[in-house]
Every structure is written in structure tokens, then in C-alpha cells.
Amino acid sequence: MSESEYKLRLAQNLIGRGKVSRRDFIHLGLAAGLTVAAADMLFVSVARAAPKQGGFAKLGMAHGATTDSIDPAGYPDTFTQTAFSGAMSNSLTEVDAKGSIQPDLAETFETSDDATTWVFKLRKGATFHNGKTITADDVVASMQYHMGADTKSAAKSLLESVTNIKADGPETIVFTLNSGNADFPYIMSDYHLVVMPAKDGKADWESGVRTGAFVLENFQPGVSAKLKRNPNYFKNGKPYLDEVEFIAITDLAARMAALSTGEVDYIGRADLKTLGMLKRKPNIEILEVTGYGHYTLPMNVTVAPFDNPDVRMALKWAIDREEIAQKIFLGHATVGNDNPIAPAIKFAINPEPQHKFDPEKARFHLKKAGMENLKVDLSVADAAFAGAVDAAALIRETAAQCGIDVNVVREAEDAYWDNVWLKKPWCASYWSGRATADWMFTQAYSADSSWNETFWKNARFNELLIQARAETDEAKRSAMYAEMQQLTHDDGGAIVLVFNNFVSAKSKKLAHGELAPNWENDGLKMAERWWVANA
Amino acid sequence: MNPVVRTVLQRLGLGLITLFIVTIIIFSAIAMLPGDFAKAMLGQSATPETVAAFQREIGIDRPPVERYFAWVGQIVQGDFGSSFASRTGYRRTVAEIIAPRLYNTMFLAVMTALIAVPLALGLGILAALYRNSWFDRVVNTVTLTTISFPEFFVAYMLAYLIISRDTFIGTEFAQSLPEWLAASINWVLNLVPKFPTLANISDRTPFWEHVWRAALPSITLTLVIVAHMMRMTRVAIINMLASPYIDMARLKGMSPMAIVLRHALPNAWAPIVTVIAFNLAYLIVGVVVVEVVFVYPGIGQLMVDAVKSRDVPVVQACALIFAATYILLNLTADIISIATNPRLLHPR
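Those protein sequence lines, which keep their order, are chains S and B. With this note's numbering as the guide, the letters of the first sequence map in order to residues 591 to 1125. With this note's numbering as the guide, the letters of the second sequence map in order to residues 1248 to 1595.
Careful: at least some of the hints might be erroneous.
[To be verified] If you only want the chain B side, here are some residues facing chain S, beta carbon under 7 Å, derived:
(1) Y1337
(2) T1444
(3) V1542
(4) L1549
(5) V1551
[To be verified] 16 Å max Cα-Cα, derived EDC-like pairs, lysine to aspartate or glutamate:
(6) B:K1555 x S:E878
(7) S:K816 x B:D1450
(8) B:K1555 x S:D667
Everything labelled a hint here was simulated from the structure, so no lab data went into it. Built from N, CA and C at the ideal position, the CB exists for glycine as well.
Make a model of the complete structure from these sequences and hints.
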């Protein structure tokens, strides 16, 4: 490489950070033997693709309530998660666009052979917003905030397997687990488990002093949150934006109008019904990511008739998932196969046979269960997921062709999770999904989980769950998870209808890299990862 | 004692008793709501232990009667208590949550009233004056049309108008029209100021920007309430115009406008003021739909939010404020009717 070519390469990198002007770049290009036009084109293409510093983004979120606070014990929905976890804070690890685990505040993490001890080493020189260096004591206090009898944290069950956390010097944290868990670093990426400064040995969340790319400037619960760039952020060059404002726009039509009129640059959860109209606008782009989230119809396998595996199988064959994906979710969903592990997750398989609408198979299993016809109640409300009531109506139609009379009971949306979910024998439910097979299975399908919505207690499944968690041999683990997914598919009580896509929309003003599938809004980290395309 | 003062005192006393009954109704209605704050906050992630920890901290494990008297006792001392969203070491009082929202709602209500009330009175007087003319019919039809549409529809239509302002010319519909027609529709659309469809304001928003951002919600509400007030004005004046003393004034040779303003209107105030008070109360307590559509942070949205998350102290305070608003506005209407009517002012 000649000297001028080398300079040109360097300059290309600098364009992205806005440090080389177009004129200077063309000069360098001429020296390297390019024509003016070629150098200019090169400048424009590099400038578009590479992240740029500066600018301001207004992000319309689909949630936001007056009860919101910056307390990480809560973070109930995308407003608090994206603004206070994704933009303002960091966990020890993060999930990247490929769905694999990366260090975040931690620099490295290692485990013992049986995966019961995990050692995290902190990044050197990373500081809180107030300039204080992040130490292992801060991490320990932050984790303990979610543990113990008195905690009100929604993340309590995540850390139940942790028996001991201790700081080993200022930069090393040692977690001891009651049983091996090879996926523990994934759990550490959870949006609740952010690192806060320790004050008198307790985590101080009230001050809002965190480690993240943005510093909180103004927060009005249920209205908006304004954050400005953290100039001392530990990730090189990030964040790109100078300022972000998160605006709570819970009304769907208002959200679409706000993006159309340019009041905001991005909206989460776009309206699928009017997406076509939005698409036609020249300065707007639709973003669609298949995530881990899925809609299920859990059957309580301890209650008749669902205690009969053949009845469960008959229902699984009596539902037209393709039609539901097309008609209810307008094609913005991926058909499910009674396996809650999303295709993008490591160790995911697609169990055979694919469950689809097949009246003969449904009748066959019904007969095997010793029944000619069957009458069951299906309790639904749109609180479970938008479209649940309509989906139930479609299920009623297809099930009727299989000799199954599904009586759709429309429940009150209010307090649905209180009065219907885990209470009615067959209902609708929603899972935002988890980053690993173990995490998802442990929370929703293991025998002793309080969220085991199907009350399914399969001995072989639970035995495999514990074995696979501690297994560090990839091939063996893969085989175990495959068997577990097959078991859930064949014997489990959950009907997984579809995996929902995250559908959002943005103005062309904003640019981004590959979108992360683990949560909405680019893995909740859009503020840190996105930039203004032509600032 | 001056009869006006006596009536005011009487009404205030009655108002207080009403408020007291309202507190009982509010409290028992909320106690009957299914679900609770802890479960609403934690949603799917509620485990029995975390729910119990929450309940202990916010004190809803105590019996309802005890909680009722504690609440009323606090209110009498002017303390609305703390929101359930408070945490140890981070108190969020109900007053500090409600104050900015109440200000926003009042702002929007006053702004709308300043537009709507003079407009309604003016249109009503003119319609009475030129009754059964084309003017009367057009005004009646237009205002009846706007009141007949639900307010969210009016709101969405206005928002759509603002969106079309910039995008109409690019639509397929516009391209299917003759060019001159599309151009002139576009010209008319561009006469509409580009009002913001998002009325999200904060405590830092300057006054005139607040007015600008609240324009669309205010126009929507004006369209919704004008008809009621305007028609009442028209009918009340027309009734008066049939009285013998108006004929007398006419025979004296007074101009029709002077008759309406000097003779008919003073006697027609009572029904008009009652209707205005009713509409003003609506502007404060009933605008939640408009607030949601334009994302305006008012007290209606706050209350709906609080009901959803079972933040009981906030719901109770909002309900109480709404009740007090109704009572006060009705009281004001009564006083104005008495003060403008000599027969009520000097009863035999």
C-alpha cells in the first residue's frame, strides 16, 4: 500500500466521525490517483454508511405511564427499558445483532468446568456519570438490590440460582451458583441488572447516576425523557447522537401521525393495519425484525380434558397457524410449531412434524383419547396480545371442522394477568422470549417455576434441563436441547401460535447497523447504536 | 343577611356534604376494582413474595375502613398522600404528580373557553337575530355536525388534515384528479397553518409555544362544545323575544341588535350560564380522549394511567378534584343566575 493510499484509508475512517471535510478528502483522493468524481462518490458512500457524530433524535415509544420511575426493579415496558436501561445504563454483558453474548461493562468472563462459578472482570477505566470509577463493590451492591426477601424487583427470579456474590479486588466479581449454568452471562445482560453506584453498601438508583452512553437531563413520567451525550463513555466513539428525547405516545394513531408529520424520527410498534400507507411516504422506512417474542395458548395439563396428551395433540392439529399469521398479524409474524425457542436462538431446532391445520389428524387423536367430540372453553382478551380475541374466533372455526367445539370466553382486559392467566385452564398468553433456550425453559416450562403456565411436569424434560444447563460440551448440550424441544412440541401444554415480528418505523434521517433481535428498539440500545444519516 | 351571601354559604355547605359522600363512593368503588398495584406494576413477573413486599411497603395490607379514615384525615389537612410509585427514600407526593397535569388541563380549558364561549355567544345572538335565515341554518347545521361526531373522530380528522397538507399532492387520489383541481385543493390545504399533531409539552415549554402546541386539541374541543352553548343562547333569546316588554321596546323604535343586547340577553343569562358551566366542567373532567389522541399530558390521561396501574392515591385525588370542579362551577352558575335576576335577588 502506497503512502497516499494509506492516507486515503485513514481518511475514510475519519469521515465517519465527521473529522474530514469533503474538500480535504477529494485532495487526498487525487493524490492517491483517483479522479475528482470518483473521490467525491467515495466520500458520499463512506459518509452515508459510517456512523457520524452529532445530531438529535426524537424517539416515539409505544409505552409510558405516570408510575414509571428510573428504579431498575421496575422497567415494565419499552419506554423505561429503552431510555433508562438501554440509553442510560449498562449491564455486565450485552447481546449483539447476531444474538450472541458480548462483554459490556465486563471485559472478560470465565467459568469453572461445572459452570457453577463465574468470574467477571470489569473494564479498566470505565466511570460513572459523576466521574467515579466503577468497582466490583458497585456491581455487587447492584445485583444484591434484586435479591433477598424484601426486594420488589421483577428480576428476583433471575438471580434465584445465585448463592453468593463477592468482590475479589476492585475489578473482579465472583458469582457462585447453586447449580451449573453455562448460559449465566446471558442472564447478566438482562435490562434490570444494570450497574449502579454503591452508597453505604447499597445500590443508589435514586440519583440516576449510571454508566451508560447518555446522561439523564429531564424526566417527566408518562410524558418524556431527555438525555444528553455522556462525553466520557467507555465505548470508543459512542454514542453518535448528542441528544435523545424519548416521548411516550401510547395511542397507535397518534404515533403514526407523529412520524408522518415529522414530530418524531422513530416510532416503536407501528400500526400494522395502516403500514401500507406509511410505507408510501418517501422519507420513511419500515423496520422489521423477527425476535424471540411469541404468542401462546397455554393449556393447564393438570385439568381435564387437557390432562390427556391426545386431547392436547388434537387441539394442536386443529389450529390454522398460517391463516392466523396472515389474517390477524397481516403477515408480520412467523408461524410457530409448539416450540417456544425462536429460530434465531442458539440450539433451536424445528421439531418434526410441523403442526398445522389437519382435521384428519385432529380427529384421529380425538378418537385415540376416546372422544367423538369435545367442548372446551378458551379464555382470551387482547390484554394477552393484540389480536388474541380475533385469533380465538378463527380457532373456533377451524376446530369446529375437527369435531371440537371451542367456546371463546371473552375476559376483561383489566387485570387479565391476575384473574385469567395461570387461573383458567386454557387461555392466551404472551412471552417476550429469552436469549437462551435454558432461560426460556427455566422460566416458563420447568416444574417448579411459578410461571409454568401449563403446569407441565415432565420428568425427562426437567432432568435434561438441569443436565444441559451445566453441560459445557457444545455437542452434548445441543442434543439435550433438541430432545427437550421435541418433548415440548409432542407432549407439552403450550400451543405456540406465532413468533411476532418487531415492526417499527423511522424517518430516513436516522441510520443504524444490523438490528439486534433480543428486544425491541435494537435490543433496547438504539440510542447508543444509532446515528443521524446526514447531519 | 344579603341573599346572595346566604345562598353562597348554603351552597358551599351542601357542596362540602356532597364532597364527603363522593369520598365514600370513590373509596368503595376503587376498593372493588380487581387486581392491585403490585400486580399491575409487575405484570407477568409478579411472584407472591414480591407482591407481598410491595403491599407491605404501600400499606394496602391494612383493613379498608382504617385506610378510608386515614385518607380522609389526610385530605382534611390538605395532604393528598404519596403515590404508590414512591419508594423508600424517593417520595412522590400525589400533589406534585397532579399539579403540572392540572395546570396543563386548566391551560387547555381556559384557552378553549376563551375561543369557544365568545364564539358560541356571538353565533347564538346572531342566529337569534336572523332566525330562520340562511345564516341561522348554516350555523346550526355546521355546529350540529361537529357535535354529532365523537371527539376522537374530529381529532383524527384534524390530524389527518395536517398530514395531508404536505402529502396530498403525492397521493394517487390527487394524481387521478385534473391537474388544476389537485393544485387548487393543495393550495387550500396549504392555507391551514402547520399545527403540531403532537401536543407533548413540558414544564419548560415557553408560554406561546404551549399555546401553539395546544392549538389542535383546543380547536377539537371548541368544535365539540360550541353547538350546545350556541343553541342554548339562541333558544333563550328567542324565548325572550316573544315577551310583551320586547314588543314594547320594538314599538319604541329600538334597533333589533339593541333589543337583544339590552333587553333580551340580561334576562336570558340564567339558562345560558348553566350550559356554559356544564361545558367548562366537561373541558376539565371529560377531555381524556382528546388528550390521548394529541398526547397532551393533562389530568384525564393521568387518571386513566393511574386506574390502569391501580395507583389508588392518584385516582382518588383526581376523582375528588373532578367532583370539586363540578360543584364549584355549578355553584358559580347559580350565583350568576341569581345576581342577574332581580326576582331571585329580592325574593318576597
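Quick rundown of the hints versus the structure:
{"no.": "1", "hint": "Y1337", "verdict": "holds, 5 Å"}
{"no.": "2", "hint": "T1444", "verdict": "holds, 5 Å"}
{"no.": "3", "hint": "V1542", "verdict": "holds, 5 Å"}
{"no.": "4", "hint": "L1549", "verdict": "holds, 5 Å"}
{"no.": "5", "hint": "V1551", "verdict": "violated, 10 Å"}
{"no.": "6", "hint": "B:K1555 x S:E878", "verdict": "violated, 29 Å"}
{"no.": "7", "hint": "S:K816 x B:D1450", "verdict": "holds, 13 Å"}
{"no.": "8", "hint": "B:K1555 x S:D667", "verdict": "holds, 14 Å"}
Hints 5 and 6, counting from the list given before, are not met by this structure.
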